[in-house]
Amino acid sequence: MAALMTLVAPDIRAARRLVVKIGSALLVDRATGLRSGWLHALAQDVALIKARGADVILVSSGSIALGRGVLGLADGPLALEQSQAAAAVGQIRLARAYEEFLAPHGITTGQILVTLEDTEDRRRYLNSRATMETLLGLGVVPIVNENDTVATDEIRFGDNDRLAAQIAVTVGADQLVLLSDVDGFYSANPKQDPTARRFDLVQAITPEIEAMAGDPVSGLSKGGMKTKVMAAKTAVAGGCAMAIMEGSVLRPLSALADGAACTWFVAQGDPQAARKRWIAAMKPRGEVRVDAGAVVALRVGKSLLPAGVASVAGAFGRGDPVAIVGPAGDALGKGLVRYTAEEARAIAGHRSAEIEAILGYAGRAALIHRDDMVL
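The number in the working numbering is simply the position in the sequence shown, starting from 1, with 7 added.
Just so you know, these hints were derived from the structure itself, not from any lab.
Please note that a few of the clues may not be correct.
As the list claims (entries may be wrong) - Here are the simulated lysine-lysine pairs, PhoX-like style, with alpha carbons at most 20 Å apart:
(1) 198 / 240
(2) 233 / 198
(3) 240 / 283
Use the sequences and the hints to build the structure in full.
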């Protein structure tokens with residue numbers, strides 16, 4: 008099959024920024040609750056990866072599974088309000104568990120709860136990205152989950168496979184690992200078809216590959232192979248390679264590094280290039296004209312500060328794409344702006360230290376950050 012290639016698979020030991028998705032069935036036992044031994048071993052893996060200098064983000068299921076056990080809710084589908092109640096109870100226990108198991112390794116954790124709306128709205132997207140970048144810069148391991156206590160069906164990811172892929176793209180991760188109850192992507196459901204074969208490497212997600220995706224086979228997890236392929240499409244388009252592996256073994260990330268069975272989906276380019284293409288394809292909703300000094304700064308990779316802005320045109324909101332033009336109106340590029348048009352006009356030409364006095368709140372130093380800009 009054309010999708011099965013002889014290319015060299017990515018090496019998790021080379022990851023600079025790694026997102027790991029953890030399924031409910033790995034983390035929570037129906038009868039006994041949290042799988043403490045497994046989480047203890049995973050914490051050792053995370054500590055090892057951090058010691059190599061890589062960033063780690065954990066996208067963890069399990070809050071509803073933990074909460075329903077505490078509340079004594081019966082097995083089977085839950086009504087929305089029951090799921091939200093279970094999540095409210097379980098989220099506390101989930102965050103505390105990660106804190107307790109990672110703290111002995113000198114690792115600080117932080118909890119981030121998101122909904123689909125947070126990644127679809129550019130303002131919320133930029134805020135989420137800035138928060139996670141700050142946490143990672145401080146050495147924190149963010150623990151991310153869907154905010155099940157407030158999310159309704161209309162604003163849900165519905166599974167943490169796709170959430171993990173979106174988080175990976177948001178933070179510019181170069182690798183995403185889905186720890187699952189299957190050891191990779193198969194040509195058919197291996198629990199139903201003994202002739203099914205696993206793909207070691209998928210270079211392109213073709214219609215044929217998508218047609219092979221099956222349905223959930225676990226009693227706790229929501230995400231079947233279809234959602235994993237959807238996650239892979241998001242990840243690889245954002246320059247992030249993605250692996251699917253069976254995660255119940257102790258220290259699964261070390262097992263992956265040692266050659267455990269899995270399927271790698273090959274990234275299309277690198278995360279930064281993919282992000283630049285995304286921004287470049289947007290239609291500007293306004294324009295910022297910069298002075299000669301700002302032109303020089305931008306061309307050596309600096310962010311655009313308010314002090315370098317000569318004028319602002321158009322009506323735009325935070326997170327909207329704007330055109331960046333030089334003193335003579337020559338096109339320099341595009342970027343996602345961190346202020347509204349009204350706010351940008353007010354702070355144009357001023358030093359970043361003056362923003363709070365002008366706007367009445369402490370805003371971000373850059374009008375357009377270099378990571379949100381393409382020239």
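Hint by hint, here is what the structure shows:
{"no.": "1", "hint": "198 / 240", "verdict": "24 Å, violated"}
{"no.": "2", "hint": "233 / 198", "verdict": "16 Å, holds"}
{"no.": "3", "hint": "240 / 283", "verdict": "18 Å, holds"}
Violated hint: 1 only; the structure is consistent with all others.
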